[in-house]
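Novice: What follows is each chain in one-letter form.
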Amino acid sequence: MEGWIFFLFNGIVYGLLLFMMSSGLTLIFSMMGVLNFAHASFYMLGAYFAYQISTITGFWPGLIVAPVLVGCIGALVERYFLRTVHRHGHVAELLFTFGLAMLIEEAVVLIWGRNPVPYTVPPDLDFALFQIGGMSYSAYKIFMMAVSITMFVFLYGVIARTRIGQIIQAALTHPETVGTLGHNVPRIFMLVFGAGTGLAGLAGVIGGNAFVTEPGMARALGTIVFVVIIVGGLGSLTGAFIASLLIGVIQTTAVAIDVSLTDIFATVGLDLRNVPLHELWSKRISDVAPILPYLFMVLILVLRPRGLLGTRDS
Amino acid sequence: MIPGNRFLPLMLVAATIVILALLPHLFNSRYALTLLNQLGIGIVFALSYNMLLGQSGLLSFGHAVYFGLGGFTALHALNAITDGDLPLPVPLLPIVGGLMGLAVGIILGWVSTRRSGTIFAMISLGFAELVAASSNIMRGYFGGEEGISGDRMSGPVLFNLSMGPQRDVYYVIAAWMVISALLMYLITQTPLGRMANAVRDNPLRVAFVGYNPQTVRFLMFAISGFFAGIAGSLFAINFEIITAQAVGIEYSANVLMMAYIGGTGYFLGPVLGAIIYTALSIVLSAYTEAWMFYLGVFFIIVVLYAPNGVSGVLAVHEPVLRARLMHRLLPAYGLALVTAATLLAGAVVVIESSYHLSQPGALTATMNLAGIEFDADGWRPWAFGLGALALGALLLRETIHRVGHAWADVRHHLTGDAAT
Numbered sequence: 001m002e003g004w005i006f007f008l009f010n011g012i013v014y015g016l017l018l019f020m021m022s023s024g025l026t027l028i029f030s031m032m033g034v035l036n037f038a039h040a041s042f043y044m045l046g047a048y049f050a051y052q053i054s055t056i057t058g059f060w061p062g063l064i065v066a067p068v069l070v071g072c073i074g075a076l077v078e079r080y081f082l083r084t085v086h087r088h089g090h091v092a093e094l095l096f097t098f099g100l101a102m103l104i105e106e107a108v109v110l111i112w113g114r115n116p117v118p119y120t121v122p123p124d125l126d127f128a129l130f131q132i133g134g135m136s137y138s139a140y141k142i143f144m145m146a147v148s149i150t151m152f153v154f155l156y157g158v159i160a161r162t163r164i165g166q167i168i169q170a171a172l173t174h175p176e177t178v179g180t181l182g183h184n185v186p187r188i189f190m191l192v193f194g195a196g197t198g199l200a201g202l203a204g205v206i207g208g209n210a211f212v213t214e215p216g217m218a219r220a221l222g223t224i225v226f227v228v229i230i231v232g233g234l235g236s237l238t239g240a241f242i243a244s245l246l247i248g249v250i251q252t253t254a255v256a257i258d259v260s261l262t263d264i265f266a267t268v269g270l271d272l273r274n275v276p277l278h279e280l281w282s283k284r285i286s287d288v289a290p291i292l293p294y295l296f297m298v299l300i301l302v303l304r305p306r307g308l309l310g311t312r313d314s
Numbered sequence: 001m002i003p004g005n006r007f008l009p010l011m012l013v014a015a016t017i018v019i020l021a022l023l024p025h026l027f028n029s030r031y032a033l034t035l036l037n038q039l040g041i042g043i044v045f046a047l048s049y050n051m052l053l054g055q056s057g058l059l060s061f062g063h064a065v066y067f068g069l070g071g072f073t074a075l076h077a078l079n080a081i082t083d084g085d086l087p088l089p090v091p092l093l094p095i096v097g098g099l100m101g102l103a104v105g106i107i108l109g110w111v112s113t114r115r116s117g118t119i120f121a122m123i124s125l126g127f128a129e130l131v132a133a134s135s136n137i138m139r140g141y142f143g144g145e146e147g148i149s150g151d152r153m154s155g156p157v158l159f160n161l162s163m164g165p166q167r168d169v170y171y172v173i174a175a176w177m178v179i180s181a182l183l184m185y186l187i188t189q190t191p192l193g194r195m196a197n198a199v200r201d202n203p204l205r206v207a208f209v210g211y212n213p214q215t216v217r218f219l220m221f222a223i224s225g226f227f228a229g230i231a232g233s234l235f236a237i238n239f240e241i242i243t244a245q246a247v248g249i250e251y252s253a254n255v256l257m258m259a260y261i262g263g264t265g266y267f268l269g270p271v272l273g274a275i276i277y278t279a280l281s282i283v284l285s286a287y288t289e290a291w292m293f294y295l296g297v298f299f300i301i302v303v304l305y306a307p308n309g310v311s312g313v314l315a316v317h318e319p320v321l322r323a324r325l326m327h328r329l330l331p332a333y334g335l336a337l338v339t340a341a342t343l344l345a346g347a348v349v350v351i352e353s354s355y356h357l358s359q360p361g362a363l364t365a366t367m368n369l370a371g372i373e374f375d376a377d378g379w380r381p382w383a384f385g386l387g388a389l390a391l392g393a394l395l396l397r398e399t400i401h402r403v404g405h406a407w408a409d410v411r412h413h414l415t416g417d418a419a420t
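Residue numbers (the working numbering), protein chains in the order written: chain G, 1 to 314; chain V, 1 to 420.
So here's chain G without its partners, still in its complex pose:
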């Protein structure tokens, strides 16, 4: 039981991190129709910037500076490239961000090399805060949780309660109307893109040292974030939140389940040892953990193509 609480806790921390990225991605998508393929690359940039800053000043300044830098880069990318490529249609936009993701990965290799960089948890937070049933809970994980939750309360407050938030909400569904009311819609797009990528950068700052900071980190997380927003339903923040936690928990707890489908079916008298793909069924759930999010996505696509809370088809 104590073990389950531990895995659940880790799943929630990971899920909140996923939501930090998927919220920005889904906001950008529903506003501009741009699926930002390079979103996870901004996460990676956040981690690398924070590492570079931490070598000079320690961890804390990086927590603010790195996301702001990443957000500025994101805003510049929107202003000078995405807006240009927008004329050529959505496929070109998607391909541009795809190329950008590749380029950022190569640039990171160019500057910091192929090997992981020693970006570590700050010593102030590197201790076990409390114990439940012999499992120790690290203070840094609690800190990660606190940062993400603060971020969401703040984000929710901005979108739901402020004037700029209302304009953003209006621009989501009726960009032309907002434009005729005298608001600078392209600038709102640029700000949202900057904020979304900045949020991904923040996720990188707090996630980079909890996991590993290396050039492959964007690719590893990028597709999971896509899965999250498909499962949650495109354009839905609440959907993205539920899907993030769900996938975070699925991925971390699956590692702890030590039975296979063959075992499960054997208890009800079905023998799966000689049916097609028997190799797959005989694997323990813990071994197939990496493919579970994708299987979950396929299931959602078959049963509910618009996602858990999605309201529109494309």
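For the record, the hints were derived by calculation from the structure and aren't laboratory data. None of these values were measured; they are calculated from a predicted model. Just so you know, even glycine gets a beta-carbon here, dropped at the ideal spot from N, CA and C. Among the clues, some could well be false.
[To be verified] Not the full set, but computed from the structure, chain V residues with beta-carbon under 8 angstroms of chain G: (1) A32; (2) R115; (3) M122; (4) I123; (5) L125; (6) I137; (7) L284; (8) T288; (9) A290; (10) M292; (11) F299; (12) S358.
[To be verified] Which chain G residues stay away from chain V? Per the calculated CB distances, all over 10 angstroms, these: (13) F29; (14) G99; (15) S138.
Put chain V on the given structure of chain G with help from the hints.
Specialist: For chain V alone, kept in the frame of chain G given last:
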């Protein structure tokens, strides 16, 4: 192409076959044959990809799934041939791999072609990751780290091809390339091919005409999987080994870039793209570690400034050539080329120097670029590189204006000709 000439396509095909038959006699080194074989595989793969992107408007990030699974099936079949369990000549293996590509295309296409546009692209990526992650788990089928290997010199002999020498493999690949390309071209001429174009341009109107856009997308998707499977089988025959990399995102990205760089708007665009991309990656990777970076920059430049690819750029110049107005463009092009070269030289120095410094294996800062030795941590290369970069960028803005003026002039002449 001159309209009304019905024999021109046939003559083109005949000429292609003659050239393909002569090529290994002209370039008979091992290196040349290896390159030609890879080109052939790339061409079939890129053409199959363009059935989705160019003809049906479906942007897939997971086309290597059908390529790779076709290749794995072909190698498993090859091993069955070697063991005497399957009486099939090796040159016919692509049929087996193609059928596997078709089967997987039917299963995955059934789910993914319900949607189009951006959602389809994301789903294709999800499937690609699903298969790539499965390859780590199903070690029996994918062979784990070592992959699956086989011996192509086995089974019944067809057309006197022992399949030992590279040249035999070349002929098999060339034959399959011609057959596949012809079939894919003919599909574009069928009602299905035409409806695919219509679905790409306006699915709603297709639905009003009485066709189901979803069915059209599904059929094109499955057929494209078949040809990708053929390409994968040719890969398996050529290398006699296949690893899980072949279903991975890198192969999917490669074929996407091939097709897009070549241009998706013309049937032969991806062929051009496969040639350019394969040649560039082979040449660049021989000289520099940063070759992926250069390819990425090239790809982004195509996306930003030439969305119809290289074939699109060529096609724009066709009427200019025919009106013999090329001389009006060339001076501006020459200037642009010089400034672009300056920019490129600066960028190369900066990129190579920083790459050199970031590699853990670099013991000294001394490096060699195009025969010139210098210290990557000194100020000289950076001053030169950044200087050339800035100068090139400044001048390029100016020369691009000139190219614009030259084009306005040519367009004026072209429309003037049409009016008289």
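Novice: Is the interface hint satisfied for R115/V? The criterion is a beta-carbon contact with chain G at less than 8 angstroms.
Specialist: Holds, about 7 angstroms.
Novice: Is it correct that the beta-carbon of S138/G has no partner in chain V closer than or equal to 10 angstroms?
Specialist: 28 angstroms, holds
Novice: Do the numbers back the hint for F299/V, that is, is its least Cβ distance to chain G under 8 angstroms?
Specialist: F299/V check passes; min Cβ-Cβ to chain G is 5 angstroms, inside 8 angstroms.
Novice: Should the interface hint for M122/V be scored as holding, given a Cβ-Cβ cut-off of 8 angstroms against chain G?
Specialist: Holds - the Cβ of M122/V comes within 8 angstroms of chain G, reaching about 5 angstroms at its closest.
Novice: Against chain G, is T288/V within 8 angstroms by beta-carbon distance?
Specialist: Cβ of T288/V sits 11 angstroms from chain G, so the hint is violated.
Novice: Regarding the assertion that F29/G does not contact chain V, is the least Cβ-Cβ distance greater than 10 angstroms?
Specialist: Violated: least Cβ distance 8 angstroms, not greater than 10 angstroms.
Novice: At a threshold of 8 angstroms, is the proposed contact between M292/V and chain G supported by beta-carbon distances?
Specialist: Holds - the Cβ of M292/V comes within 8 angstroms of chain G, reaching about 5 angstroms at its closest.
Novice: Is the interface hint satisfied for A32/V? The criterion is a beta-carbon contact with chain G at less than 8 angstroms.
Specialist: 30 angstroms, violated
Novice: Restraint: I123/V near chain G, CB-CB cut 8 angstroms. Satisfied or not?
Specialist: Holds - the Cβ of I123/V comes within 8 angstroms of chain G, reaching about 6 angstroms at its closest.
Novice: Is the interface hint satisfied for I137/V? The criterion is a beta-carbon contact with chain G at less than 8 angstroms.
Specialist: 6 angstroms, holds
Novice: Is the interface hint satisfied for S358/V? The criterion is a beta-carbon contact with chain G at less than 8 angstroms.
Specialist: 4 angstroms, holds
Novice: Checking the smallest CB distance to chain V, is G99/G really beyond 10 angstroms?
Specialist: 4 angstroms, violated
Going down the numbered hints, you'll see the structure goes against 1, 7, 8, 13, 14, while the others check out.
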